[in-house]
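Asker: Take the two lone chains, each set in its own frame, and fit them into one complex as the hints suggest.
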Amino acid sequence: MDTASPKHAKAAEAFLRDEENTDWHNETLWFVRSKRDRAAQSLPEWEQLREQASQIKAHTLSKLDDYLIQLEENARQNGIIVHWAANGDEHNQIVLDIMRKHKATKIVKSKSMLTEECHLNPFLIKEGIEVIDTDLGERIVQLRNEPPSHIVLPAIHLKKKHIGDLFHIHLGTEAGATDPQYLTEAARIHLRQKFLLADVAITGVNFAIAETGGFVVCTNEGNADLGAHLAKVHIACMGIEKVIPQAEHLGVFLRLLARSATGQAVTTYSSHFRKPAPGQEMHLVLVDNGRTRQLASPDFRNSLKCIRCGACMNTCPVYRRSGGHSYHTAVAGPIGSILAPNIDMKEYADLPFASTLCGSCTNVCPVKIDIHQQLYKWRQVLGEAGAVESTKKVGMTGMDVLFSHPWLYRFAGRAGRWFMQKFPSLANKPGLNPWAIHRDMPKPPEQSFRDWYAQQNQKTNG
Amino acid sequence: MNVGLFIPCYVDQFYPNVGIATLRLLESLGVKVVFPMEQTCCGQPMANSGFQSLSAGCDKNFIRNFADCDVVVGPSGSCVLHLKEHLHSDEQPAEATRLRNNVYELCEFLTDVLKVEELPKARFPHRVGLHTSCHGQRGLKLSSMSELVAPKFSKPEHLLNLVDGLDLVPLSQPDECCGFGGTFCVFEEALSSKMGKDRVADHLRHGAEVITGGDMSCLMQLEGVLRRQKSPVRVMHIAEILTSGN
Ligand code: SF4
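Quick note, the sequences are listed as chains A and B, same order.
If you're matching positions, the first sequence starts at 0 in our numbering and goes up one per residue.
If you're matching positions, the second sequence starts at -15 in our numbering and goes up one per residue.
Chain B with its partners taken away, still in its complex shape (with noise of 0.2 Å):
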């Protein structure tokens, strides 16, 4: 299985160790990952703020460098989740599909096509908050939800269970939405802010040491209000802290 690492634009950017913490738990699960060199951005935030229709540069950006790939996947649910379901091509519809239908967030790629079900290594004993970001819960089914009359699960939650040490916090709220948004954050700020001090808040209470998730795009959010509220507590993509202790 020929597998590409997937690193969202921003990701690649601001948070390297993310990227480097993806690969190397990959890596040390056996898998053979590849990283195309000149992929960019999977497309969301211009089709997020109406502009679908002027994605097709980056959505053929994307195909071209993932076209040797049987799988992709990224630490990113919803860059996937844009992906699954709007990458889109003219000129090669079948090839968008296939790649559309076979990008896999970690944690849904860990647990479904990997099946992991021991972590020897993983060490990592802090109280935990675990941050359930909208699109990859409600658009991946990475968990359950809390509006739906159905079993619970949650593929995170399995994943942070196997790392040694880890005290899991729960929250009053285990789905309320962070408030990133996309360009929500910066079209409506005021709003935006208030969802991450409130999202923080919850964590906060609850005791976590770190907050954690598989999104970086809503932990950047909660990065943002916690270093102005100079606290201590930090964020850690879930990659990081499954591969602590390595």
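Chain A with its partners taken away, still in its complex shape (with noise of 0.2 Å):
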């Protein structure tokens, strides 16, 4: 196997040369993640509610098949047709034909983190399809040519003035504007002629219930409504963990996403729906793309009771530094860097080292994913298949050497400090020290603690 290039190291270094532009997007994101804590801090019964979606969770992947053919059969009853898909190029066949069916041209889309990772965009795009991204951030970054940077917030990596000059050149607004309210307009006049024109609608989905047959799409938008009631066809696409059992365990993750991806108390649209209305088609598109493979493996099925919420992301110092783009991935921050190796591991392996391991997102991450801990035993398996790059190995395999004779290590630290005190421009070398290019070494000692040890020792019992 190829071994990973630092892919994300890389990136994050070129996001990291504007740095006013790389504070801006920290404090921005942390200012999201200081919502999410008042947000919580106001319900005492917070980490119960975490306990208990965590529990619903697991229960579910325990059985996920016995509740997704549950789901099947009663959104069948219901009216919605139901298809499968092993993966991105299957499920995107899937909507093709259905367009095809219909002879439609133009989609509107809501967001659905879903159809990036399959990359239905360009395949449908490629087949002469209109696809239009109704979110506002999302069609920010469409018009950009860009994937979306973050899962709730598209394009928190860009400033008024970068939508501005897009919407002037995409949108004809007045050159130089950002004033987000006459933006917002804009988008708006241009979305709803979209919405009015197009034949199929495509919304994600958040939960859907196997009790009822139906499914819960959560916006602050209201664009997936718009979309699925103004077309003939709504397709909704889902990940396979996305169901839940019953109707009753919603209200404990609508009180949880929300809080925890912008500090709302509740998303400003959660539109159920359950049945085509008269004269229109309902299609589900319940995708496995990896997720069988990942519940397969104990060490790391729990993160797939991953509800999307962004808050990971907020809180993690390396994404708010690095940007989601840096990712590489549709799912960027540390839970992106936990799928996304599952899906390909030789092109992600170097995203579960993008992490400090600090542990920030698995006490944010509302269904308690321990996200860290799959970050480390990603590292573990990574490093097992072959998938590190061979220096680390090389470097690790001569560590294990030193650090297991003690001699050979008491040698190669006196050797090292006598070689940084002799040659202390040396050791501060960027070329030749990477910590060295904004960092300062330590001063070395004359002495290793054991050596001062060693000579106490002596002195009183000699």
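Rather than coming from a laboratory, the hints here were simulated on the basis of the structure.
Each residue gets a CB set at the ideal place from its N, CA and C atoms; glycine is no exception.
Careful, some of the hints might be misleading.
Simulated pairs of lysine-lysine, BS3-like, Cα-Cα distance not exceeding 27 Å [to be verified]:
| # | chain 1 | residue 1 | chain 2 | residue 2 |
| --- | --- | --- | --- | --- |
| 1 | A | K34 | A | K9 |
| 2 | B | K181 | A | K9 |
| 3 | B | K125 | A | K34 |
| 4 | B | K136 | A | K442 |
| 5 | B | K136 | B | K68 |
| 6 | A | K376 | B | K16 |
| 7 | A | K193 | A | K102 |
| 8 | A | K105 | A | K231 |
| 9 | A | K274 | A | K100 |
| 10 | A | K304 | A | K367 |
| 11 | B | K181 | A | K442 |
| 12 | A | K102 | A | K125 |
| 13 | B | K136 | A | K367 |
| 14 | B | K105 | B | K68 |
| 15 | A | K62 | A | K34 |
| 16 | A | K304 | B | K125 |
| 17 | B | K181 | A | K34 |
| 18 | A | K458 | B | K16 |
| 19 | B | K99 | A | K376 |
| 20 | A | K159 | A | K34 |
| 21 | A | K367 | B | K125 |
| 22 | A | K62 | A | K100 |
| 23 | A | K367 | B | K44 |
| 24 | A | K376 | A | K6 |
| 25 | A | K376 | A | K304 |
| 26 | A | K158 | B | K125 |
| 27 | A | K376 | B | K68 |
| 28 | A | K34 | B | K44 |
| 29 | A | K6 | B | K181 |
Output of the computed footprint for chain A on chain B, the stretches with three or more beta carbons under 8 Å from beta carbons of chain A [claimed, not checked]:
| # | segment |
| --- | --- |
| 30 | 8 to 14 |
| 31 | 114 to 123 |
| 32 | 128 to 135 |
| 33 | 169 to 178 |
A partial selection of chain A residues facing chain B, derived with a Cβ cut-off under 10 Å [stated by the list, open to error]:
| # | residue |
| --- | --- |
| 34 | T21 |
| 35 | D22 |
| 36 | P43 |
| 37 | R49 |
| 38 | R75 |
| 39 | N77 |
| 40 | M112 |
Answerer: Shown next, in the form of structure tokens:
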């Protein structure tokens, strides 16, 4: 297997070159994290709620097959057409076939990380279909020809000025305009036209309910509802982990989702879909794309509990300073770094290392995924599989030899300190020592602790 | 109680004063301490890089060295956490488990085992910023965490508050990571440095003259930034502050 190239480190370095922008990104996300804290603190039962959510998810995952079959049966009875896709390609083909059947050429889409994961947009566009993302942030990154950089705040890496410039080019707004109200109004008029003309609406699914065969879509802009109600065909796409057993469980998740994501008490629109309206058609596409593989692995199964709130990204000190694109995957940040290697181990071997394992992600996660522990476990899996840079392995083998042999360790320590004392400029040379590019090395002491200790003992005993 | 002093490799080599302060602190509290001379490293650097499998020799050496000790105490949260979670032996599984359950970070040992409520001689009349290290805080639960809805507490803060004249400065982000992260500090150099810089800035903004904490690795990271900035602000391990005035 080829080894991982440190893509994240390189992209982060590039992002960090504009330090002012990095600071702004960092502070903006920290602001969201602080809002989340206030929202969480306002509920004394917060930790119990997390525990409950985690247990409901654990239970669901332990009987995922049963609940999925129940979901399928009930959805069919409601008149929803259910499809199964083993991977992203199958998913995309299913959507295309539905389009073809209806001779449809225009889609309005509400936010769905699953379709990002499957690269649905480029696939459909190649087939001559117009795909319009209708979530404002998504539309912005779509106009820039970029993927979203955050699962809840897709355009969080952009400032008002970028958006003003972008809208000036694409939507004909005044040059240099940065007023959010004005720009939003322009986007709204633009999107209204798209809604009215669309043949098909695609939405994601936040929660699908096995018991009722219905599903819930959460948006702050109401764009999923507009799309789904105006178009003749509604296609809802979901990863198979999105099922929950009963409608009564919804309350737990809806209370956690918005608070964790943005600090709101509840998402503005939590729309329940159960059956197609007269004259309309409703499809539900259930996608595996590696999820059953994740389910089969006790170490990583927990990651399927994720409700995509994005809290782990907002809190992550690495994400905040490197931006979503540095993760080169649809779902960025800590959770993305666990999910991505499961989809393609070689491509994403660098991501579990793009973390200090500080553990903040695990603490904010509303469904209590042991995120940083899974990152640690991935490192071991990748190390075993030979997917870690070979230089690292050589270095670590050397360290093992060093630390298993106390005399060698003592010798190397002495030699190292001697070297640093004699050649401080070499030890601090950025080209030789990456530590020293932005930081100084510690001043080497004359003596190690153990040498001092041995001397003391000699003094007292001898 | 036979207490073994565990001095992590980098503290041994670069910060012997921290080892000396730890030893003196424990002795001043009446604890008899031994330092097994053949100890080296906890194995974290390998494990952190994806090669936990390569730390068997290291683990073996650790177990051999501390076999006679009832408890092991070390002045480094992240090394202690690594031992607690990952010390492993195919040949001596029971011994490995015993040690895992009996290894303490210094502050934890002082507050939970010795139940230290006063440090009569300690005096340090300075404005001090406490860097809360992630592994100690979230891993060993040495203090409450800003993400959780739970009562506030801090073992290191409790100890610092026993020091005469010490003025603990508040921080804007009390538990933000310093960016050291083991080999992360080299493989993600740009990011790691920026995190260190930001962490230092929070302390400086609030007027810290000294930055302290329970993990010398984090403090080495912050010291690296401070020295590059030619800042007069120093880093000191919490053991050094708790023994000052002695
Ligand atoms: S892993 Fe947890 S915190 Fe991160 S997006 Fe998923 S549910 Fe939210």
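Asker: Run every hint past the structure and note whether it holds.
Answerer: Structure-based check of all given hints:
1. A:K34 to A:K9: Outside the cut-off at roughly 31 Å; violated.
2. B:K181 to A:K9: Cα-Cα ~19 Å, so holds.
3. B:K125 to A:K34: Roughly 24 Å between the alpha carbons, so the hint for K125 (chain B) and K34 (chain A) holds.
4. B:K136 to A:K442: 37 Å, violated
5. B:K136 to B:K68: 24 Å, holds
6. A:K376 to B:K16: Distance of about 38 Å is beyond 27 Å: violated.
7. A:K193 to A:K102: Roughly 17 Å separates the two Cα atoms, so the pair holds.
8. A:K105 to A:K231: Answer holds: K105 (chain A) to K231 (chain A) is near 11 Å, not above 27 Å.
9. A:K274 to A:K100: Holds. K274 (chain A) to K100 (chain A) sits at ~20 Å (cutoff 27 Å).
10. A:K304 to A:K367: 8 Å, holds
11. B:K181 to A:K442: 19 Å, holds
12. A:K102 to A:K125: Roughly 16 Å between the alpha carbons, so the hint for K102 (chain A) and K125 (chain A) holds.
13. B:K136 to A:K367: Since the Cα atoms of K136 (chain B) and K367 (chain A) sit roughly 20 Å apart, the hinted pair holds (cutoff 27 Å).
14. B:K105 to B:K68: Distance of about 32 Å is beyond 27 Å: violated.
15. A:K62 to A:K34: 35 Å, violated
16. A:K304 to B:K125: 25 Å, holds
17. B:K181 to A:K34: 25 Å, holds
18. A:K458 to B:K16: Judged against 27 Å, a Cα distance of about 18 Å means the pair holds.
19. B:K99 to A:K376: Violated. K99 (chain B) to K376 (chain A) sits at ~35 Å, over the 27 Å cutoff.
20. A:K159 to A:K34: 21 Å, holds
21. A:K367 to B:K125: 17 Å, holds
22. A:K62 to A:K100: 35 Å, violated
23. A:K367 to B:K44: 34 Å, violated
24. A:K376 to A:K6: Holds - the C-alpha atoms of K6 (chain A) and K376 (chain A) are around 20 Å apart, at most 27 Å.
25. A:K376 to A:K304: 17 Å, holds
26. A:K158 to B:K125: 38 Å, violated
27. A:K376 to B:K68: 16 Å, holds
28. A:K34 to B:K44: Distance ~47 Å between K34 (chain A) and K44 (chain B) Cα, so the pair is violated.
29. A:K6 to B:K181: Holds. K6 (chain A) to K181 (chain B) sits at ~23 Å (cutoff 27 Å).
30. 8 to 14: violated (count 0)
31. 114 to 123: Contact hint for the segment 114 to 123 of chain B vs chain A: holds, 4 residues under 8 Å.
32. 128 to 135: With 6 residues closer than 8 Å to chain A, the segment 128 to 135 of chain B meets the three-residue bar; holds.
33. 169 to 178: Since three or more residues must qualify, the claim that chain A covers the segment 169 to 178 of chain B holds, with 10 doing so at under 8 Å.
34. T21: 7 Å, holds
35. D22: Nearest chain B Cβ about 8 Å off; hint holds.
36. P43: 7 Å, holds
37. R49: 9 Å, holds
38. R75: Violated: closest Cβ of chain B sits about 42 Å from R75 (chain A), beyond 10 Å.
39. N77: Interface hint status for N77 (chain A): violated (38 Å vs cutoff 10 Å).
40. M112: Status violated, d = 23 Å.
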